[in-house]
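Asks: Use these hints to put chain B onto chain A, whose structure you have.
Number of protein chains: 2
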Amino acid sequence: MEIPSKHLQQAVDAINTLPGIGKKTALRLALNLLRRKPEEVQHFAQSIADMKEHVKFCSQCGNLSDGDLCAICIHPKRDQSLICVVEDIRDVLAIESTQQYRGLYHVLGGIISPMDGIGPSNLNMASLVDRCANEDIKEVILALNSTMEGDTTSFYIFRKLSGLEVTISTLARGVSIGDEIQYADEITLGRSLMHRTPFEQTMSR
Amino acid sequence: MEIPSKHLQQAVDAINTLPGIGKKTALRLALNLLRRKPEEVQHFAQSIADMKEHVKFCSQCGNLSDGDLCAICIHPKRDQSLICVVEDIRDVLAIESTQQYRGLYHVLGGIISPMDGIGPSNLNMASLVDRCANEDIKEVILALNSTMEGDTTSFYIFRKLSGLEVTISTLARGVSIGDEIQYADEITLGRSLMHRTPFEQTMSR
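Each protein sequence line maps, in turn, to chains A and B.
The working numbering numbers the first residue of the first sequence as 1 and each following residue consecutively.
The working numbering numbers the first residue of the second sequence as 1 and each following residue consecutively.
In isolation and in its complexed conformation, chain A is listed as follows:
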């Protein structure tokens, strides 16, 4: 399929570089933009350029920020002695949307994955150790995915922090609320039996 305009071709090629967007979808999106008013398309392109230019990362936790420190790190009511370690900014957003967590974060920016050539030095890892060593941190919660790479990363952090006076915990694993027990996979069900919770605690909210 040959596109009869090189300018459209360039836009389609650019949109095609986005993850999960193929050539046909890219063309559909480009033609949608082409049908809009000029100022609307200008605004579209400008807001993407602005994002890259202005969005910063928090120098303390690696979260997104418009300034040097992010809104969570400078929030006066946040528990400064509690750090939740996550892989990605989207995990911060997911945990924030639960409204259950009042501590700080530490965004690694990825996980240890030898297959992709990502080691601890490629991640925001050294600053986590610094924070735990130099600040008054009581607990570190490891909130990484329970994949091979996630578990490796959790174990690496556990080892790195084991000399310090910090409690290290991890997310509870178990059968999701609303899931049927008969369809739960055996590892999850086994884990939720092993770490069963006193019934009174489930009534606290």
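Simulated from the structure, these hints should not be mistaken for lab results.
Cβ atoms here follow ideal geometry from the backbone N, Cα and C, with glycine treated the same way.
Heads up, some of the hints might be wrong.
[Said to hold, decoys possible] Away from chain A, derived, C-beta distances all over 12 Å, residues of chain B:
no., residue
1, D13
2, R36
3, E40
4, C70
5, Q100
6, G117
7, I141
8, T167
9, S169
10, I177
11, R191
12, M194
13, F199
[Said to hold, decoys possible] Residues from chain B that face chain A, not an exhaustive set, calculated with beta carbons under 7 Å:
no., residue
14, A26
15, L29
16, S47
Replies: Only chain B this time, still in chain A's reference frame:
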């Protein structure tokens, strides 16, 4: 889910306006762009702005073009007496990719759809009648989708051109090549029986 940076929020909102891209996908795409090199993101935004600024529409047929007339209209080997009427630029690309058609096109830019408030005056319709009346056009092929709106539009064009010395034809409808006959819908199968083709003709290519 509250995004902690207003610049990122603006980019996500812009990407979210694209058809078929929801809030979560928009965030995923924006974060992907955010991880790239600044010059790469600059190029991305620029190629979209350039597209809107430079892409023109052919003054004769409404196809995409980098100049006043599109590459198909000015091609010396194209049959200038044959016009294929399509709804959208993507239909031109689809028909071109068959390499079976050597005539010209006429892109309506939509179809008659009273539900969406689109009438003949909103479409590139008057210029089609002009072309047929003033140029030496022998045949007009109606290549519109066989929906209620497509059929209405085809019929409207048929009526508009009926006074002129132009043959009006439409795409053959029938069972797709590769489809199983037992699964064909009854209208398609009925139509393909009604317009059955002499067997020798199917051997011509």
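Asks: Now, for every hint given, state plainly whether the structure supports it.
Replies: A quick look at each hint next to the structure:
1. With a least CB separation of 8 Å from chain A, B:D13 falls inside the 12 Å interface cut-off, contrary to its annotation.
2. Against chain A, the non-interface label of B:R36 is violated: not every CB pair exceeds 12 Å, the least being about 8 Å.
3. Against chain A, the non-interface label of B:E40 is violated: not every CB pair exceeds 12 Å, the least being about 8 Å.
4. Taking the minimum C-beta to C-beta distance to chain A, about 6 Å, the non-interface status of B:C70 is violated against the 12 Å cut.
5. Here B:Q100 stays apart from chain A, with its beta-carbon at least about 14 Å from theirs, past the 12 Å limit.
6. With a minimum CB-CB distance of about 16 Å to chain A, B:G117 clears the 12 Å threshold, and the non-interface call stands.
7. The beta carbon of B:I141 sits about 19 Å from the closest Cβ of chain A, which is more than 12 Å, so the claim that it is off the interface holds.
8. The beta carbon of B:T167 sits about 27 Å from the closest Cβ of chain A, which is more than 12 Å, so the claim that it is off the interface holds.
9. With a closest Cβ-Cβ approach of about 24 Å to chain A, B:S169 is found to remain outside the 12 Å limit, as its non-interface label requires.
10. At the 12 Å boundary, the C-beta of B:I177 stays outside the reach of chain A, the nearest C-beta of that chain being 19 Å off.
11. With a minimum CB-CB distance of about 28 Å to chain A, B:R191 clears the 12 Å threshold, and the non-interface call stands.
12. B:M194, annotated as away from the interface, keeps every beta carbon of chain A farther than 12 Å; the closest lies near 32 Å.
13. Look at B:F199: its CB is around 32 Å from the nearest CB on chain A, clear of 12 Å, so calling it non-interface holds up.
14. With a cut of 7 Å, the hint placing B:A26 at the interface with chain A is violated, because the nearest CB-to-CB distance is about 11 Å.
15. About 5 Å separates the beta-carbon of B:L29 from the nearest beta-carbon of chain A, less than 7 Å, and the hint is met.
16. Annotation: B:S47 was flagged as interfacial toward chain A, and the flag holds, the nearest CB pair being 4 Å apart, inside 7 Å.
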